[in-house]
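Following the hints, position chain R with the ligands against chain S.
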Amino acid sequence: MAQTFTKTMARNIFYGGSVFFFLLFLALTFDTSMALPERDRREVLDPNTELGRQIAHGKALWEENNCIGCHSLLGEGAYFAPELGNVYVRFGNNTEAIKAFIQSRPAEGIPGRRSMPQFNFAPDQLEAIAQFLKYASEINTAGWPPNKQG
Amino acid sequence: MKYPSQGVARLYFIAAIALFAAQILFGLIMGLQYVIGDFLFPAIPFNVARMVHTNALIVWLLMGFMGAAYYLVPEEAERDLIAPWLAKLMFWIFLVAAALTVVGYLFVPYAGLAKMTGNELLPTMGREFLEQPTITKIGIVIVALAFLFNIGGTILTGRKTVVNLVLLIGLVGLAVFFLFSFYNPTNLVLDKYFWWWVVHLWVEGVWELILGSILAFVLIKTTGVDREVVEKWLYVIIAMTLITGIIGTGHHYYWIGTPEYWQWWGSIFSAMEPIPFFMMTVFAFNMVNRRRRNHPNKAAMLWALGTAVMAFLGAGVWGFLHTLSPVNYYTHGTQITAAHGHMAFYGAYVMIVLAIISYAMPIMNGREANSQRSQVLEMWSFWLMTVSMVFITLFLTAAGILQVYLQRFSDAPMQFMLVQDKIAIFYWLRELTGLVFLIGLVLYIWSFFVASKEPGLTSAAVDQALKGNGGTAAAIA
Ligand code: HEM
Ligand code: HEM
Ligand SMILES: [Fe+2]
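Residue numbers (the working numbering), protein chains in the order written: chain S, 1 to 150; chain R, 1 to 477.
By construction, these hints were calculated from the structure, which means they are not laboratory data.
Some hints here could point you the wrong way.
[What the hints assert, rightly or not] Quick list of simulated restraints, FRET-style, between CB atoms:
(1) G153/R / F20/S: 37 to 43 Å
(2) E96/S / D191/R: 22 to 28 Å
(3) A83/R / Y15/S: 27 to 33 Å
Glycine is no exception: its CB is placed at the ideal position from the N, C-alpha and C atoms.
Chain S with its partners taken away, still in its complex shape (with noise of 0.2 Å):
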């Protein structure tokens, strides 16, 4: 019985599947970037316009704060403050509302409360993170998350 099944069959397999599965992942990688320019909002991000170069000056901020160590973006990231993916439409798809929360933060947190740092950003790179976090509002994730509260 244990002849039968064979130490190089098993290494066949081992080879073989991980071989086939793996051009089969490329493979559907591939489908994936021929679908995403109906889903991602590539459109906006163009670096030639004033709005792209924002969206992008806006996640180089996100990412040098590391905004993500407290928060999640679309569900991936730090579960200890609210989700980002879609505050902009929790927050009344109002990018003046977003700024105003965050340029609103006491720099010595609020006492017993769960605090976001006070980040003393200027005006444009609150506009450019405002912009970003909009931007990632408007991709389309298939219907996530189930209701405004994220």
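Structure of chain R with the ligands alone, referenced to chain S:
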């Protein structure tokens, strides 16, 4: 220890355990910030503690894998490492880079660190688990290349075994997929799509090969079971890993802007990902039941069996819990994810590293196994850490279920911050259990000091005891 160069593993193991301790301390800080929101604010904001916690975890696991490779590759290849000095040099480079990075996290605001390290030249920072400055990432690549050269050269010029080959494939894969951390487009969907090529294809792909080969090595050594049998199992397990796990990446492509068909591909393939973990459990128990010898190192055996069980629970069961897309629609990015992340990382990767350390450290210190008293302490630490991790997972799962209900499922969804207040009791319980985990870790470290003061156990002594009592009681007690 058959080959002197295996001894370099010692450095890696000691540093790994030190970083493990740091990881847990920062975990406890975050656990407290979850319930006392302004604890240590603004000195150590939550995101900073989180970076230290998760990056320390990844670095100490990598150190553990490297130590494991430096120890087991020469033994399997039946020759010394081709360049032991390089292994030592790379250790210090890696350690200093890791220490500097942590110091940077703690003492420089993150934006300042990004500026100091020239992040704008090649922006890679500020993404979960990949927070390291770009130069640290480049350092990691250099260390990995030197490591692969050393290990690869040793394997290719020595006896070729399946354990070594599988380990090498896993380690090469680890290095190759890490390269995707340098790809960071403005397009958020593409950024996220390839971010998972590092994170998912690591823990549910190539790292499982590393896990499988270390487990196989420890089992061969402690049970004396025929290599042929072990190797066949190993091939079947890793075949199932990659057959299910590569397309299984799709379970992260449900809601990030990628096409809806991923809900089918991701759900179907990732639902099969528990299979290789289950096979690993059956494999480990099978080998131990069929053992041809009674190895005096019972603690190592316990870690090996423990990792097989806990990896299946954490990755297999808790992974399956939220992997089907209709479920994940509600659980995505909640405490359910955190619950799974903790038990899976602990069960699969923390425990396998502790298993190889447990097996190899005594031998590198000149004895087959540690003294009875040291092993008893180590086994206590095993149970304290493992049982508390089970409870941490259960408390986070409870918090997650309530969070999903209150925030996403009920007719009147509540705000995130309000929900967090409502479920605070579970965060308190998690924090208390985390303290028990810490006690387990302290005992673990203490067991090394006890071991260093007492003569070790030998196979001969164990066989003698077995004969005397006519049973296994003495060997196991
Ligand atoms: C023992 C006490 C521990 C405590 C109190 C603790 C606490 C935490 C907290 C609060 C987070 C952040 C969750 C968030 O993003 O909001 C976290 C994340 C994480 N911890 Fe721990 N932790 C502990 C031990 C461990 C151990 C032993 C491991 C490894 C096995 C681990 C692995 C992780 C991972 C992988 C994450 C990221 C999770 C994710 O993104 O889903 N932690 N931990
Ligand atoms: C040892 C192996 C594994 C480890 C270490 C692991 C670890 C993790 C971690 C840390 C995350 C959170 C990532 C983030 O921060 O966004 C995660 C997410 C996830 N894991 Fe695993 N995992 C493992 C295996 C599995 C398996 C076998 C399955 C499925 C059966 C699975 C299903 C999932 C799913 C569906 C998510 C996404 C959760 C969400 O939507 O928020 N995992 N895993
Ligand atoms: Fe995954």
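> Is the distance from the Cβ of G153/R to the Cβ of F20/S consistent with 37 to 43 Å?
Replying inline: About 30 Å separates the Cβ atoms of G153/R and F20/S, which means 37 to 43 Å is violated.
> Do E96/S and D191/R keep their Cβ atoms within the hinted range of 22 to 28 Å?
Replying inline: Cβ of E96/S to Cβ of D191/R: about 27 Å, so the range 22 to 28 Å holds.
> Between A83/R and Y15/S, is the Cβ distance one that fits in 27 to 33 Å?
Replying inline: holds (29 Å)
Checked against the numbered hints listed earlier, the structure breaks hint 1 alone; every other hint is satisfied.
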